[in-house]
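S.K.: With the sequences and hints as input, model every part of the structure.
Protein chains: 2
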Amino acid sequence: MRITIIGSGNVATHLAAAFKNAGHVIVQVYSRNIQNAALLAYHVKAEAIDDLNAVNEETDLFVIAVKDDIIGKIAEQLAKYQKLMVHTSGATDLYALLAFSDNAGVFYPLQTFSKVKEVDFSKVPLCIEGANETITTQLTQLAQDISQSVYTVNSEKRKTLHLAAVFACNFPNYLYNLAQQLLMQQGMEFDMLRPLILETAQKVQNKLPAQVQTGPAIRNDENTMAFHLQLLNHQPQLQQLYTLLSQGIIKLDIDERRAQ
Amino acid sequence: MRITIIGSGNVATHLAAAFKNAGHVIVQVYSRNIQNAALLAYHVKAEAIDDLNAVNEETDLFVIAVKDDIIGKIAEQLAKYQKLMVHTSGATDLYALLAFSDNAGVFYPLQTFSKVKEVDFSKVPLCIEGANETITTQLTQLAQDISQSVYTVNSEKRKTLHLAAVFACNFPNYLYNLAQQLLMQQGMEFDMLRPLILETAQKVQNKLPAQVQTGPAIRNDENTMAFHLQLLNHQPQLQQLYTLLSQGIIKLDIDERRAQ
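Residue numbers (numbering that gives the first Met the number 0), protein chains in the order written: chain A, 0 to 259; chain B, 0 to 259.
Incorrect hints may have been included.
It does not matter which identical chain is meant; a pair holds if it fits inside one copy or across any two.
[To be verified] BS3-like cross-link-like pairs, simulated, lysine-lysine; straight-line CA separation at most 27 Å:
| id | residue 1 | residue 2 |
| --- | --- | --- |
| 1 | Lys206 | Lys122 |
| 2 | Lys44 | Lys156 |
| 3 | Lys250 | Lys19 |
| 4 | Lys122 | Lys19 |
| 5 | Lys44 | Lys116 |
| 6 | Lys66 | Lys122 |
| 7 | Lys116 | Lys72 |
| 8 | Lys79 | Lys114 |
| 9 | Lys156 | Lys79 |
| 10 | Lys114 | Lys250 |
| 11 | Lys116 | Lys79 |
| 12 | Lys250 | Lys66 |
| 13 | Lys250 | Lys116 |
| 14 | Lys250 | Lys79 |
| 15 | Lys122 | Lys44 |
In case anyone wonders, no lab produced these hints; they're calculated from the structure.
M.R.: Structure follows, in structure tokens:
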């Protein structure tokens, strides 16, 4: 396919590279900032543009990988070209595009991207939604060119998926940060915790989290929990978080036992 | 060294195997339950016992890998043999042993173990504390036989480390569980989130968590956060958790900016 990339952020960068590697042609890369567009365009041998009126019409697909709040505005400007367009957001309804064109879909990669780190795209789950079955099929084929994990997910489910991703990625990363702060306060290095963090994520790759839950809360070890709260004496927000999460884990235990 | 293992749980099992693999002799394995003792003893070619009066005195070290609340009781019974003894707990003070013997230390592996999964012990951080410098040196050498990451950590710091491990391991695993529940409610599979979870943990292996924080809260994307809270409409505990964690992440952003 001939593909035009709208945006030059993390998702745009990784998707453009994956499409290019799979043999597709990246026609142009658009960014409001021409330097950002040029950087990505150079890597995928495309033309850089910073004006949506400069779009090359010889394209099959617009991939709109921009912030949620401007997806609609971009779609409105691209509608006149009457090409298939998709956005890449977990949080935005397909309707954001359908308001301007029926020839629309969603191409949501469920992964956390950073420009500094390569990602093996073949393992990135891609969540596809099309305005009709023909589009869904077309997008699914494109998705299968770059990933082994392709799912058809409607807008309602995708929003839940995006929320779940916040719990599975953004929140754990923040807890890693809190752990690192606790160590730093005592002059210890984050390196001590890195193997534990990795092993915790690896354990749930073939088990369910409830099956491998460890720690004082799941043992209902009240002495240790009381002592931990005492250690957090001067950090009331961390105490609140500790209590809330521990209560959840204790309840998990009860629920699990009931289920047996 | 000739080593006697007290306990047959996850830590006892993995430590005994690591010592054995490094060429040490496991003399005996003690458990209240002789079948559990026998199972582990078989794997490390040791004798199984279920009576602390049956201890073979030709040993150099007792490794007390039992629940925190019975460490003291075990130490009291082993003191008469006048051998070096260590416990393996993050949460318990060295004093739990010193109350009965000066010949004591701590050998705390900072990792989450499950019997079903092999662990590369060479990458497990080992936190060592000795009642005196001679013991610290001796335990450090033993630790270096089985791991490349050996730290000297006193009881006070170790307790903070244990608390930090709860934030870095037990709490993230619980959040994985919540994410899985959210997917399940909509008929989606946990497999969709597994690559994201692994990548999130891999990202902090050479970056600090604050450097790679993503998601609506760090962007202060109020629309998405409000929408997520609405999705959690009938789950007030998850709403509370979402709000508390998001507030922390937003504050992280402010703190980071101030630091620049």
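S.K.: Of the hints stated earlier, which fail here?
M.R.: Numbers 2, 3, 7, 8, 9, 11 and 14 - these are the hints that the structure violates, sorted from lowest upward.
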